[in-house]
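Read in order, the letters of the sequence shown correspond to residues 307 to 489 in this note's numbering.
None of these hints come from the bench; they were simulated from the model.
Yeah, the Cβ is synthetic: ideal placement off N, Cα and C, and Gly gets one too.
There's no promise every hint is true.
[Stated by the list, open to error] Pairwise CB distance ranges (calculated):
#	residue 1	residue 2	range
1	Gly324	Gln488	45 to 53 angstroms
2	Asn395	Ala316	41 to 49 angstroms
3	Asp407	Leu479	24 to 32 angstroms
4	Thr466	Thr310	18 to 26 angstroms
5	Thr466	Asn420	20 to 28 angstroms
6	Thr422	Thr468	35 to 43 angstroms
7	Gly324	Leu489	47 to 55 angstroms
8	Thr375	Phe418	19 to 27 angstroms
9	Thr310	Gly337	31 to 39 angstroms
[What the hints assert, rightly or not] For lysine-lysine, the following DSS-like pairs were computed, each having C-alpha atoms within a straight-line distance of at most 30 angstroms:
#	residue 1	residue 2
10	Lys419	Lys378
11	Lys419	Lys383
12	Lys419	Lys400
13	Lys400	Lys383
14	Lys400	Lys378
15	Lys334	Lys378
16	Lys383	Lys334
17	Lys334	Lys400
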Amino acid sequence: GTTTFNNVIATSLTTNSGGTTQLNGNVKTTGNQTYNDTVNIANNPTLSANGITFNNTVNGNSNLTANATTGKLTFEKTVGTSNLTASGNTIDIKDDITTNDLQTYTGAVNLFKNTTLTGNGIIFNNTITGIGLDLIANSGAGNLTFTNDINLGNITANSTGTTTFNNVTATSLTTNTEGITQL
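Model the full assembly from the supplied sequences, consistent with the hints where possible.
Next up, the structure:
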């Protein structure tokens, strides 16, 4: 079945793994939030908790703001939203993420597999680590910004806007022929 949340303020929140969670509003907890089932979003929800874990897919034609205030934000499966604003001490990305518009990551990003991120603008405000793992970042006409250290395998950066790198350790780095690349 489907469990629907419109606006929630609680100590913590954990959903079971059988069914769907529909988020139609904000969820704020003082403890952790753990979503074990498929999550569908609407109405641009903002999630705020010590730590947030999505153990299944996250989808919706809406913006998602997920703020793990003092802990870890984890995406175990694919994500598909309009905009994604992700923040936490660390952000674990374990599958591909696709947005119609901007993706913003504020926190140290860890990759656990070869990963493709697709959006219209992608901003990393902290480090990205996935030693030996590949990252394909497709930023469309939006800018692709790496503001801190990158430690990965092969990096493919596609943007017809401006691609900006700070400090890169990688097996290889490939940018597309369109747009501007700043090192």
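So, going through the hints one by one against the coordinates:
Against the hinted window of 45 to 53 angstroms, the Cβ-Cβ separation of Gly324 and Gln488 comes to about 48 angstroms, which satisfies the hint. Separation of Asn395 from Ala316 is about 22 angstroms and departs from the stated range, judged on CB atoms against 41 to 49 angstroms. A hinted range of 24 to 32 angstroms for the beta carbons of Asp407 and Leu479 is consistent with their spacing of about 25 angstroms. Our hint of 18 to 26 angstroms for Thr466 and Thr310 is violated, since their Cβ atoms are close to 39 angstroms apart.
Distance hint check: the CB atoms of Thr466 and Asn420 are about 23 angstroms apart, consistent with the given range 20 to 28 angstroms. At about 20 angstroms, the CB distance of Thr422 to Thr468 disagrees with the hint of 35 to 43 angstroms. Distance hint for Gly324 and Leu489: a CB-CB separation of about 49 angstroms, consistent with the stated range 47 to 55 angstroms. Taken as a hint, the range 19 to 27 angstroms holds for the pair Thr375 and Phe418, whose Cβ atoms sit roughly 23 angstroms apart.
Taking the beta carbon of each, Thr310 and Gly337 are about 21 angstroms apart, not inside 31 to 39 angstroms as hinted. The suggested pairing of Lys419 with Lys378 holds, with an alpha-carbon distance near 18 angstroms, which does not exceed 30 angstroms. Pair hint Lys419 plus Lys383 holds up; C-alpha atoms about 11 angstroms apart against a cutoff of 30 angstroms. With a C-alpha separation of about 6 angstroms, the suggested pair Lys419 and Lys400 falls inside the 30 angstroms cut-off, and the hint holds.
The hinted pair formed by Lys400 and Lys383 meets the criterion: a straight-line CA distance of about 6 angstroms does not exceed 30 angstroms. Between Lys400 and Lys378, the direct Cα distance comes to roughly 13 angstroms. Compliance with the 30 angstroms bound is thereby established for this hinted pair. With a CA separation close to 15 angstroms, the supplied pair Lys334 and Lys378 stays within the 30 angstroms bound. Taken as a hint, the Lys383 and Lys334 pair is honoured in the structure, with Cα atoms around 22 angstroms apart against an allowance of 30 angstroms.
With a C-alpha separation of about 24 angstroms, the suggested pair Lys334 and Lys400 falls inside the 30 angstroms cut-off, and the hint holds.
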